[in-house]
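Participant: Sequence order for the protein chains is A and B. For the working numbering, count along the first sequence from 1 and bump the result up by 8. For the working numbering, count along the second sequence from 1 and bump the result up by 8.
Each hint should be verified, as a subset may be incorrect.
Each pair may be met inside one copy or between any two copies, as identical chains are not told apart.
What the hints assert, rightly or not - Using 27 angstroms as the maximum straight-line C-alpha spacing, the simulated DSS-like pairs for lysine-lysine come out as follows:
#1 Lys273 with Lys526
#2 Lys127 with Lys451
#3 Lys455 with Lys127
#4 Lys225 with Lys421
#5 Lys404 with Lys57
Since the hints were derived computationally from the structure, they do not count as laboratory data.
Protein chains: 2
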Amino acid sequence: MSKKADKPGQGSESTRPRDSRPEARLPKGLQDSAAQEIRATEAMLGTIKSVFELYGFEPLSTPAMEYTDALGKFLPDQDRPNAGVFSFQDDDDQWLSLRYDLTAPLARYFAENFQQLPKPFRRYQTGLVWRNEKPGPGRFRQFMQFDADTVGAPSFAADAELCMLAADTMEALGVPRGDYVVKVNSRKVLDGVMEAIGLQGEANASKRLIAFRAMDKLDRLGIDGVRDLLGPGRKDESGDFTKGALLTDDQIDAIVAVLKSTDFKSLGPILDQITMNSGGVPDEHGGLAHLPYEDALNEMIEQVERPVRLAGYGPDRICFDPSIVRGLEYYTGPVFETELTSTIKDERGQEIRLGSVMSGGRYDGLVERFTGERVPATGISVGVSRLLFGLQLLGKYKGDDVPGPVVVLVFDKDRLSDYQRMVQTLRDADIRAELYLGSSGMKAQMKYADKRGGPCVVLQGGDEKERDEVQIKDLKLGATLTAIEDRDEYLKKQAEAQFAVPEAELVAGVRKVLDRYKA
Amino acid sequence: MSKKADKPGQGSESTRPRDSRPEARLPKGLQDSAAQEIRATEAMLGTIKSVFELYGFEPLSTPAMEYTDALGKFLPDQDRPNAGVFSFQDDDDQWLSLRYDLTAPLARYFAENFQQLPKPFRRYQTGLVWRNEKPGPGRFRQFMQFDADTVGAPSFAADAELCMLAADTMEALGVPRGDYVVKVNSRKVLDGVMEAIGLQGEANASKRLIAFRAMDKLDRLGIDGVRDLLGPGRKDESGDFTKGALLTDDQIDAIVAVLKSTDFKSLGPILDQITMNSGGVPDEHGGLAHLPYEDALNEMIEQVERPVRLAGYGPDRICFDPSIVRGLEYYTGPVFETELTSTIKDERGQEIRLGSVMSGGRYDGLVERFTGERVPATGISVGVSRLLFGLQLLGKYKGDDVPGPVVVLVFDKDRLSDYQRMVQTLRDADIRAELYLGSSGMKAQMKYADKRGGPCVVLQGGDEKERDEVQIKDLKLGATLTAIEDRDEYLKKQAEAQFAVPEAELVAGVRKVLDRYKA
Numbered sequence: 009m010s011k012k013a014d015k016p017g018q019g020s021e022s023t024r025p026r027d028s029r030p031e032a033r034l035p036k037g038l039q040d041s042a043a044q045e046i047r048a049t050e051a052m053l054g055t056i057k058s059v060f061e062l063y064g065f066e067p068l069s070t071p072a073m074e075y076t077d078a079l080g081k082f083l084p085d086q087d088r089p090n091a092g093v094f095s096f097q098d099d100d101d102q103w104l105s106l107r108y109d110l111t112a113p114l115a116r117y118f119a120e121n122f123q124q125l126p127k128p129f130r131r132y133q134t135g136l137v138w139r140n141e142k143p144g145p146g147r148f149r150q151f152m153q154f155d156a157d158t159v160g161a162p163s164f165a166a167d168a169e170l171c172m173l174a175a176d177t178m179e180a181l182g183v184p185r186g187d188y189v190v191k192v193n194s195r196k197v198l199d200g201v202m203e204a205i206g207l208q209g210e211a212n213a214s215k216r217l218i219a220f221r222a223m224d225k226l227d228r229l230g231i232d233g234v235r236d237l238l239g240p241g242r243k244d245e246s247g248d249f250t251k252g253a254l255l256t257d258d259q260i261d262a263i264v265a266v267l268k269s270t271d272f273k274s275l276g277p278i279l280d281q282i283t284m285n286s287g288g289v290p291d292e293h294g295g296l297a298h299l300p301y302e303d304a305l306n307e308m309i310e311q312v313e314r315p316v317r318l319a320g321y322g323p324d325r326i327c328f329d330p331s332i333v334r335g336l337e338y339y340t341g342p343v344f345e346t347e348l349t350s351t352i353k354d355e356r357g358q359e360i361r362l363g364s365v366m367s368g369g370r371y372d373g374l375v376e377r378f379t380g381e382r383v384p385a386t387g388i389s390v391g392v393s394r395l396l397f398g399l400q401l402l403g404k405y406k407g408d409d410v411p412g413p414v415v416v417l418v419f420d421k422d423r424l425s426d427y428q429r430m431v432q433t434l435r436d437a438d439i440r441a442e443l444y445l446g447s448s449g450m451k452a453q454m455k456y457a458d459k460r461g462g463p464c465v466v467l468q469g470g471d472e473k474e475r476d477e478v479q480i481k482d483l484k485l486g487a488t489l490t491a492i493e494d495r496d497e498y499l500k501k502q503a504e505a506q507f508a509v510p511e512a513e514l515v516a517g518v519r520k521v522l523d524r525y526k527a
Numbered sequence: 009m010s011k012k013a014d015k016p017g018q019g020s021e022s023t024r025p026r027d028s029r030p031e032a033r034l035p036k037g038l039q040d041s042a043a044q045e046i047r048a049t050e051a052m053l054g055t056i057k058s059v060f061e062l063y064g065f066e067p068l069s070t071p072a073m074e075y076t077d078a079l080g081k082f083l084p085d086q087d088r089p090n091a092g093v094f095s096f097q098d099d100d101d102q103w104l105s106l107r108y109d110l111t112a113p114l115a116r117y118f119a120e121n122f123q124q125l126p127k128p129f130r131r132y133q134t135g136l137v138w139r140n141e142k143p144g145p146g147r148f149r150q151f152m153q154f155d156a157d158t159v160g161a162p163s164f165a166a167d168a169e170l171c172m173l174a175a176d177t178m179e180a181l182g183v184p185r186g187d188y189v190v191k192v193n194s195r196k197v198l199d200g201v202m203e204a205i206g207l208q209g210e211a212n213a214s215k216r217l218i219a220f221r222a223m224d225k226l227d228r229l230g231i232d233g234v235r236d237l238l239g240p241g242r243k244d245e246s247g248d249f250t251k252g253a254l255l256t257d258d259q260i261d262a263i264v265a266v267l268k269s270t271d272f273k274s275l276g277p278i279l280d281q282i283t284m285n286s287g288g289v290p291d292e293h294g295g296l297a298h299l300p301y302e303d304a305l306n307e308m309i310e311q312v313e314r315p316v317r318l319a320g321y322g323p324d325r326i327c328f329d330p331s332i333v334r335g336l337e338y339y340t341g342p343v344f345e346t347e348l349t350s351t352i353k354d355e356r357g358q359e360i361r362l363g364s365v366m367s368g369g370r371y372d373g374l375v376e377r378f379t380g381e382r383v384p385a386t387g388i389s390v391g392v393s394r395l396l397f398g399l400q401l402l403g404k405y406k407g408d409d410v411p412g413p414v415v416v417l418v419f420d421k422d423r424l425s426d427y428q429r430m431v432q433t434l435r436d437a438d439i440r441a442e443l444y445l446g447s448s449g450m451k452a453q454m455k456y457a458d459k460r461g462g463p464c465v466v467l468q469g470g471d472e473k474e475r476d477e478v479q480i481k482d483l484k485l486g487a488t489l490t491a492i493e494d495r496d497e498y499l500k501k502q503a504e505a506q507f508a509v510p511e512a513e514l515v516a517g518v519r520k521v522l523d524r525y526k527a
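For reference, chain A alone in the conformation it holds in the complex:
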């Protein structure tokens, strides 16, 4: 029986001898998350949520799976139409897929509930998405996204708002002004640039694509690297050669001039000059009047740059960056990326390029798939793990703010009920506490308590019971004792680290230890 013929639900069990056991193993490309990471993520998501709510977005939740045809397929990897998503067939033969982002399900939801929804429809959504891709370092098959979208808003004011939302979110997360920047560009302006240097039309599609990809790499390769990729091509450090766009020197100079511009106002004269140099772009009557980038530029200046500046966001927070291309997906207008700009170093002191932590853009075509009508929409998405990773390297959101429980040890197995009552007393006083529930001896119990990371243990042997006392042992202080050489100091610290209190004063005694480690 071939593996291929195995039925789901039986797995390989049917071909395996009865006494062989399945291996306990996490599937490739997936992760478990322990307490600290979960706490950190939740705290970060809570902050993001509060900003999105302040902006008037409402939460929405859609299921993990959608009909495959409704989900569509907008992953970058267009070459393998069946790859990228996890799919399975329902009992009525319809294909279902796990969602690969939160935007495609939003388009389905908006189209399905069009009548009842307020328009524009503004929602935020947080949830897991899945990609059936080859896993690699830092590249997982399940990850979390946090999106905000405004559907049914033709005005770029909606895009301007998302840029301000990104800036406000960064500051709410504790990233100081100057240590982040939201970079904005327009896909339409980029198209206009290409037209201005004579790269319009289907015939130049592949050249445009290579040129966009090259521009997108500015921050990694620098101007010279981009020049190579716009021209004959580039050999990287490993010796691999990437074929270039084979543009003329004039075309390359023009794109480099564009890449050096820092706002849309200064871009206008640059593009005018380029257009003049290249003999201009003829209008439909063969004249020279038509400037293909003009409308797109004006839209960006009037509807994005101006309101953003008027609302008090300077170029230190939201800047216009002509190298922002945002992959090759479904974007149709403004695109934006948020970067952490302070130097971030990993544990080994290596500088880290984190890339964009919050990005998005306008996608006017996505709902049209269902309704046939163009529905203008724009959205932004937080890369949850990447952002948390960056914030943690900046010393924030460590998830270490909840101490482990106070552990009441089991000295005498016949007195479980007494110990349980002590736990109860602590919990009633709102102190995180638990009874040791294993069956090992005192040494293993102490080791257990250490692993749980609680502030102290409580124990009561026969002697203490007779005196109506409990022993309280401060685990952190206890761990420092062996390093103390001075005898008096040792005895003093030892007395602090382990002390007896009347059982009736259990709560006060434990509080004494808790107060030592209050943040």
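Please build the complex by placing chain B on the supplied structure of chain A, with the hints as guidance.
Facilitator: Chain B only, in chain A's frame:
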């Protein structure tokens, strides 16, 4: 080309003419959730989490999918081994399945990380689970669970703790003492009961199964209904006949006597009497000494009942109910269910039987699948939707505590930036606000603001602009105006419902309206 041959990712698109569009439809058995439900669920989960944390449980998160053989198959529906879970094959031919509960992944996680974990391992986990089952009313293919488990704890003190956890959780959620009860039983005691009436051994397995199922239905069918099911069988209201266990009258009387007992102490003498009546259960030497339920009863009395009572939980909160069977799954010891006992009525005044909202039990065999060693474990699971449904019928967790945003209307499209700045001013004052981002006129904008559920709108036309003023319109008060017949009263209310303030006092003006509706 048959439907069956369709490839995932292409769906039916490949067989469809180019211009036909996919239908925007939610897959069957799945749900979208809007803002109110999401807010209510989050608030409820937050409360549950705080209690679980107080008890010393730590959060854990595992991925949505597991290798099918590692996940195992412990769904009630054992007749269809491939059904019940959503499965798909990875590119290396290994089968993956979406998790159907949070316990099977916990067993995998514990077995995989055995060396590093503190033992006992105590974790809580909240997450979605999926069942590939026929959907029905209130029966969905994706739902949320919230579990707490202690793995590696042989002592029933761990089970006692979960019963107290359930009681504390109910009270933390605002369910008054007396309006909930945690019902406890033991699978081992039930086995002893069966043995005491001569239903031991493989030969009686199917009779025991039917008898357990009958006992489980006590609260729905009453004692007479259970008697029928223990005997020849029962015809329900619809005329359907359910075959019974065909027990003797003595056996039925004995089970009914057991069902009428209310604690484990009183159960002892009842079982002794039954054992005597039935001629006793012979021990291995043919004597009469062996009482099969004795150890199980003592365990429950000493390790569950006693510590629970000593910790102050009376039978009004945690009671012993011999009819609790907990399905036919992997439980091996104590089992428990939590019920809301106050009369709950739906919107039409119909009384509702909600069933258990938080249940679990001991499962000592689950990790053994991987390790070959028996690992004692016990856990409890919250039925998130059902509990929320019950709490909402009790008037709690309605999710209506966040008002919609203040909407700044667009009177003059050329002044978007001015309006955006007003929004910014409100947000800076921590007031939830947004700019109207659609392209419709004033009437549609007012309708939009109404739908968003915000307290008021802000508008500024040319006249107001000239006077440096803004108009603020209270939407709730505005909606009550038409019902006012007295002219003076109308004018007074109208003046309250819509008023002008200097633009510099925008925040104070909006606050005036917000204060009217503060909870």
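Participant: Could you run down the list of hints and mark each one as holding or not?
Facilitator: Tested hints:
no. : hint               : verdict
1   : Lys273 with Lys526 : neither (53 angstroms within a copy, 46 angstroms between copies)
2   : Lys127 with Lys451 : between (65 angstroms within a copy, 13 angstroms between copies)
3   : Lys455 with Lys127 : between (59 angstroms within a copy, 10 angstroms between copies)
4   : Lys225 with Lys421 : neither (66 angstroms within a copy, 38 angstroms between copies)
5   : Lys404 with Lys57  : both (17 angstroms within a copy, 23 angstroms between copies)
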